[in-house]
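Asks: Go ahead and model the full structure; you've got the sequences and the hints to work with.
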Amino acid sequence: MPHGGDSGPCGAEAGAHGHGHDHGHDHDHDHDHGEDAGGEEWSLYQQVDLPRSRVLNAAHPSTALAAILRPRHARTDTSLPVVTSDADEQLLICLSFVCPVKIKSICVIGGAGSGGSGNPAHMAAFVNPPEGFDFSGAEGAKSTQDWELVRDSVAGGVEYPTRFTRFQNVTSLALFIDRNFGADETIVQYVGLKGEFTRYRREAVVTTYEARPVAGDHKAPDENKPSMDLA
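Be aware that the sequence shown starts at 1, since it is given in UniProt numbering, and climbs by one per residue.
Just so you know, these hints were derived from the structure itself, not from any lab.
Bear in mind the structure is a predicted one, so any value in this text is a computation, not a measurement.
Accuracy of the hints is not assured; some may be wrong.
Unchecked claim - Pair by pair, the computed Cβ-Cβ distance ranges are:
id	residue 1	residue 2	range
1	Leu80	Ala183	14 to 24 Å
2	Ala155	Pro81	18 to 28 Å
3	His60	Gln168	27 to 37 Å
4	Gly39	Cys99	25 to 35 Å
5	Thr198	Gly115	20 to 30 Å
Backbone N, C-alpha and C fix where the C-beta goes; we use that ideal spot for every residue, glycine too.
Replies: This is the structure in structure tokens:
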């Protein structure tokens with residue numbers, strides 16, 4: 001598969017990975033069934049560094065990211081392209097960000113229709129994975145967090161809250177979908193990330209030093225707290 005020479009967080013070819021492994025992660029099943037109109041919190045997809053991001057084991061890797069990283073209002077639009085797995089049911093979504101982000105929750109919508117067996121059933125997240133992270137790494141490493149996914153998520157209202165303190169200063173993120181509900185292929189329609197982002201790019205951080213600091217210029221930041229409203 002055409003994933004060689006990657007410079008982003010995931011770098012191995014998608015075809016070389018095993019099947020049926022027990023990953024041994026702790027499960028967090030919390031999710032919310034509210035509705036959300038969008039807003040800046042759901043604009044993290046705009047902070048993805050597309051040239052350094054990719055989807056491993058996608059049937060059409062060149063268009064995979066554009067298919068699933070949509071505006072929030074388009075998450076349930078079934079007329080848009082979807083991502084289908086290739087060699088088996090597993091997908092590894094590797095995202096690199098242009099600036100550090102904080103992720104409060106993740107929304108995943110399957111593209112196999114209501115109750116479809118090809119909808120993703122389980123997802124593990126890895127925050128700031130090492131360079132060249134691939135299926136072997138995802139199957140062997142301890143995840144930052146993982147979730148059992150709802151089979152019928154086509155209405156687009158299901159969110160999976162993160163353990164927010166573990167999703168601070170995220171510069172790259174790998175989402176490993178290792179199984180579905182029994183189909184040969186997994187189909188994903190939408191992946192949304194809810195959170196915050198800084199206003200500077202990683203590539204151009206310039207620090208200036210004041211000779212005489214002005215009182216009040218250096219306030220201690222407020223403690224980051226996860227949003228309780230995950231509608």
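Asks: Run every hint past the structure and note whether it holds.
Replies: Status of each hint after checking the structure:
1. Roughly 20 Å separates the CB atoms of Leu80 and Ala183, a value that falls within the hinted 14 to 24 Å.
2. A hinted range of 18 to 28 Å for the beta carbons of Ala155 and Pro81 is consistent with their spacing of about 20 Å.
3. The given range of 27 to 37 Å is respected by His60 and Gln168, whose C-beta atoms sit roughly 33 Å from each other.
4. Between Gly39 and Cys99 the Cβ separation comes to about 18 Å, which falls outside the hinted range of 25 to 35 Å.
5. Checked against the hint of 20 to 30 Å, the pair Thr198 and Gly115 fails, with Cβ atoms roughly 40 Å apart.
Of the numbered hints given earlier, the model fails hints 4 and 5; all others are met.
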